[in-house]
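Protein chains in written order, with my numbering: chain A, 1 to 195; chain B, 196 to 1190; chain C, 1191 to 1282.
Hints are computed from structural coordinates only; laboratory data are not their basis.
Certain hints may be false.
[Unchecked claim] Facing chain C, according to a computed beta carbon distance under 7 Å, are these residues of chain B, among others: (1) D450; (2) G451; (3) H651; (4) Y934; (5) P1078; (6) A1083.
[To be verified] Pairwise CB distance ranges, derived in the manner of DEER restraints: (7) A:N11 with C:D1233: 49 to 57 Å; (8) C:S1268 with A:A103: 32 to 40 Å; (9) B:K612 with A:A21: 52 to 60 Å.
Since the model is a prediction, treat every value here as computed from it, not as a measurement.
Glycine included, C-beta positions come from ideal geometry on N, C-alpha and C.
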Amino acid sequence: MAEIDSPLGSNYIAGEHGNVAAGIGVSLAERRNLSIIQVTAWPNTIPTVLTAIGSATGLIIDNKPGLGRVAGEKSVFGFAPGRFLVTAASADLETRLRSAISADLGTIVPLTHGRCVIRIAGPASEWVLSKLFALDFSEHAFAVGHGRATLHHDIHALIQRVDQDAFDLYIFRTFARSFWTILGHAAEEVGYRVG
Amino acid sequence: MTSSRLNTGGRIERSRTIRFIFDGKAYTGHPGDTLASALLANGVTLFGRSFKYHRPRGVFAAGSEEPNALVTLIDGEVREPNVRATEAEIHDGLVAESQNRFPSLEHDLMAVNQLAGPLFSAGFYYKTFMGPAIGPLRGTRFWMFCEKFIRRAAGLGRAGMAADPDRYERMNAYCDVLVVGTGPAGLIAAETAAATGARVIIAEERPVAGGSLVSSGELIDGRNPAVWAREKAELLAGLPNVRFLTRTTVWGHYDGNVLAAIEHVADFKPNRTEGQPRQRHWVIRTGKTILATGAFERPIVFPGNDRPGVMLADAVRRFAMEYGVAAGSNIALFTNNDSAYDVARTLSQAGVGIGTIIDVRTDISGTCRDIADVAGAELLLGHAVTATHAGKTLSSITVQHFNAQTGRVSGAPREIKTDCLGVSGGWSPAIHLASQAGGKPEWDEDLQAFLAPEAHQNWVVAGSAAGYMDTISVLSDAATKGSAKHRAALPTVDAPMFDASPAPVYQIEPDGKTQKAFVDLQHDVTADDIRLAYREGFHSVEHLKRYTTLGMATDQGKTSNVPGLAIMADARQIPITAAGTTRFRPPFTPVSLGALAGERYGDLRPHRLTPIHDWHLSAGATMYDAGLWHRPMIYGSPGETIEQAYIREARTVRDSVGIVDVSTLGKIDIQGPDAAEFLDRVYTNMFSTLPIGKARYGLMLREDGIVFDDGTTWRLGQDQFLMTTTTANAGPVMQHLEYYLDCIWPDLRVHLTSVTDVWAGAAIAGPKSRAVLESCVTASKVDDATLPFMGIVHARIGDIPVMICRLSFSGELAYEVYCGAGFGTAMWEALISAGTPFGIVPYGLEALGTLRIEKGHVTGAEIDGRTTAHDLHLDWMLSKKKPFIGSAMLGREGLQDNNRLSLVGLISLDNQPINGGSHIVADATPREPADSFGHVTAACYSPALGKYVALALVKHGSSMIGRRAYASDLLRDKHGPVEIVSHHMFDREGSRMHG
Amino acid sequence: MIIKCPYCGPRDVIEFVYQGDASRTRPEPASTDQAEWNRYVYDRANPSGSHREYWLHSGGCRQHLLVVRDMSSHAISSVSFARENTSSGDRR
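Generate the whole structure from the sequences, applying the supplied hints.
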């Protein structure tokens, strides 16, 4: 099977960048080789679909806006009514979800090729992300595991908080290189490491 | 030497010296100095020339309200004009220059404008430049002629031509309480708010906290108030729930408790760390705002009040207490209220002598008398300043008897020597941010000032901004505003008691011809201008403002609004409250455009790249910005022009085979049991009848019957479709579909997902395209039986899964091949290598356009928001069997009119290119204006026809076919004969694509 | 301006697209009453005061919201999902 190209191309330069004299504020990395599947329930099937996602992935969440869960490489979160993003490193994620969720429960759209996942981690993560997104990134407003749909100018992004100071950013593939440049620029002030 | 550095005092760091340059001359100052304080310390009192009259001007205030001392800061090629010298902090190597003077500040030739005083009075531009209705100077022509001279003579600083290399950033912030200002009110309010555990942001415009406390002569808790304020601020800044921003001006107050602020992160630093922005634009969303913005002192208007050396009384105190600078060697004060006595008291404590205090009132308190006595100042009660005398800076003033009740000046003039006159006309609470997000300000007769209006959002005003004018009541007011639950312990204040109410005296008007009396120093608006506006009928404050430009300069009239209104009220013989006031608008102080643009410029502007982008670059493509997309325009060979390249590419497609990146097409995944029904409603033609594994060309209209978008939609399953849209309309089509599902047909069970980014697409077109596919596609046949026109197969190229649909935009036998975007380049390279034996060429947007123009296929240039299906000869797509969006309004008279523009082809008869946008006219000779009966939407050279051709929208299009006309583009000097032909200019029968 | 999305919470207006008057009702699709269609497509009241309108949360959950907003003060009195507002639109 062919390997999925990174949309970041030669703009992905491993190493330390920006004002690293005062330390590394954030680390930036592309998460590769993930299966990214969108599941959408019908209005009356949301709890059933959440149970099905739980059985397919082991990640069980309640039906509340933006709720999510992270376990290692696997994650799930809601970002619109009845709509969830499920991510795992295993290639059979789509098959498992399709067998758990029939057409009368909801629909499945594989987005693996259409999204670039960037993990930003480190003490200055909230500071750097606040430059780009009009979201309250403080932990009491945006708890670990939760997801948000938002945008930076024209660039739509889904954001999941995967740890106290770490976030996964799901960026539309065709915008990813542009966004990566913007993110690096924003992180220069605090010093950042790629890789 | 007039002004000078005192031996002690101020928050400047005297042990360190900073070197800077003003108007080419080197000066020194200390850390903590502003440009204004450092220059005053060096004895410099002349800072600039005025806006209209080029009068010499000095420093008038000590803070952000400064109207006069505007300078340009210069960093190499980069110029930042109109910076207030009272706010610019100096650093080593700072270069500043004065403004609006020619050739130099000392000798300004334009100062002759003063002699022509009446010429520049209120309404000057309207009266002078509204030309006659006829003749060579009709309308605005005289203005056009004079403009460049006037622009040079009048104005502020000049911006540079060099790009600003600085970095600006945006920061989004959220809090429960935002406190604006850190004077006594702000500090106490912030302390009480923070004690409740709320998330608090504190914003202070100046480099240090404390506000009035920094220069106050009072004692707080028995201690120096500046030290008390600094310690309180440090305590607050150390709390985990507080963010304390200094050098941060909150400049806008918007709907929903959103406030905008500029933080001057590095303006004052000679060197910045890597990645550090010069300014940071904060957008703060808060639960509640406490506006502790203090008050501005305002002047009294009197003849000659603009001389360098005349300044606000409190500014004299601030220079002494904050910067250790005496603004003059022989200081006089002129007042209508008690606050000037507090200035006198503080100055004499600091060792700065006061020669004379002139007070318009006859009856003042014992406290005030005692202060004058202790300061050793001569007290002239019931007097006013009626003239000033100066060379480059103030040398003396004329004083006369004044009756504050009648406003009459009388008695013999007396000349008093002084080089610095501190003026106080009372205080105006700084209600700018409150006014931006509130109702009409309310006039307070006692304070002679406007108070904050009724709040429309969750904000409160605290301290002197709320009209509390002494430190004790400021502190107790602020403590109640910080939190309803929690109250701070208030410190003790040791201060004399003053009366906050000024005498209602705004202007001193001696009889006879006198010197100009300025109200708005920055725009050179005089008291006479306001009275002239009144006589000419411009009475309302809104008219007054626009006719005289009062308050319209960069300082927005911080010191001039109330005196201006008072003078108009006096002229109209009505109370000020009846004269009303204008509403304040953002920004509170000027904001640089760079800070607002933030990171959205240059390389950091968002853009979109197709999955095959890097291949295009390595193949030497010339890229083209199409919206946010970067797309190949041509793949030029060395020495080829753009035209030669696209002609070669298009010809190769017709002769053998070409390949083009179509990944930019909008793609929407449509799933659900009602998907087919939904498509029947949104498309003009039927989709429920489309078999699985087939595609159909679809047309969408708007509700008003006008064409909206077109594209092919593929049925991938019983309940699953893949819709493609034009590149430009991908977003709008998605919104259109979502609107109908959410708002009109919520009962339909359909899910929509944008999958534009999921798929890479390549269109392979030309007579040899099938042969290319046959040589590389596995897992499915691609012959005519397996893959007929509009058929779809799932197959593989190498190990890449692909979907192939046989459809054609070029008019040739053609296929669109899709795969996962991450495999896009691999698929593309596989197709190129499979096509090489067949002479395949990649082609760009120009050739794509050429092929579709030859075929008369429409795109956004023809689907322009005005054309109907009938206009574009697409009425065959309008189903009669079902209603669809737009069907109800299609039949309207105007949409059926024979006079409508409709699509035709044009062939150039003089073998010259036809310009896009040309008008279609009947006249053989170029003429302006001419009757246009159509326009060119797209044009190219057609290799298939061997002619320059175009598509056009032309009146009575179909009946014009065969007629001759002219394509006229007078802007680009082109006017040439064309023949109107059918829009199907090539292969009308469509035999090639079915081949 | 801030709109409080029922799913995403309070968000800046920049994330939303105005989608027009929500007080009108679309005629029956098969209706040929031109006056009725004309009212639906073109006639707007532009009241000074309370107004029902649709906003698409295009930068968030992509749901259409029914927003009741005071046109003179911009104060928003209610926000709900357009889908759950059964009085909007037609049923076919």
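A quick look at each hint next to the structure:
Given the 7 Å rule on beta carbons, the hint for D450 (chain B) holds: about 4 Å separates it from the nearest Cβ of chain C. The criterion of a C-beta within 7 Å of any C-beta in chain C is met by G451 (chain B), whose closest approach is roughly 3 Å, and the hint holds. Contact between H651 (chain B) and chain C, as hinted, is supported at the beta carbon level, the nearest pair being about 6 Å apart and thus within 7 Å. Against a cut-off of 7 Å between C-beta atoms, the interface hint on Y934 (chain B) holds, since the closest Cβ of chain C lies about 6 Å away.
For P1078 (chain B), the interface hint holds, since its Cβ comes within 7 Å of a Cβ in chain C; the closest pair sits about 4 Å apart. This hint holds: A1083 (chain B) has a C-beta 5 Å from the nearest C-beta of chain C, less than the 7 Å allowed. Separation of N11 (chain A) from D1233 (chain C) is about 52 Å and conforms to the stated range, judged on CB atoms against 49 to 57 Å. Distance hint check: the CB atoms of S1268 (chain C) and A103 (chain A) are about 35 Å apart, consistent with the given range 32 to 40 Å.
About 57 Å separates the C-beta atoms of K612 (chain B) and A21 (chain A), a value consistent with the hinted range of 52 to 60 Å.
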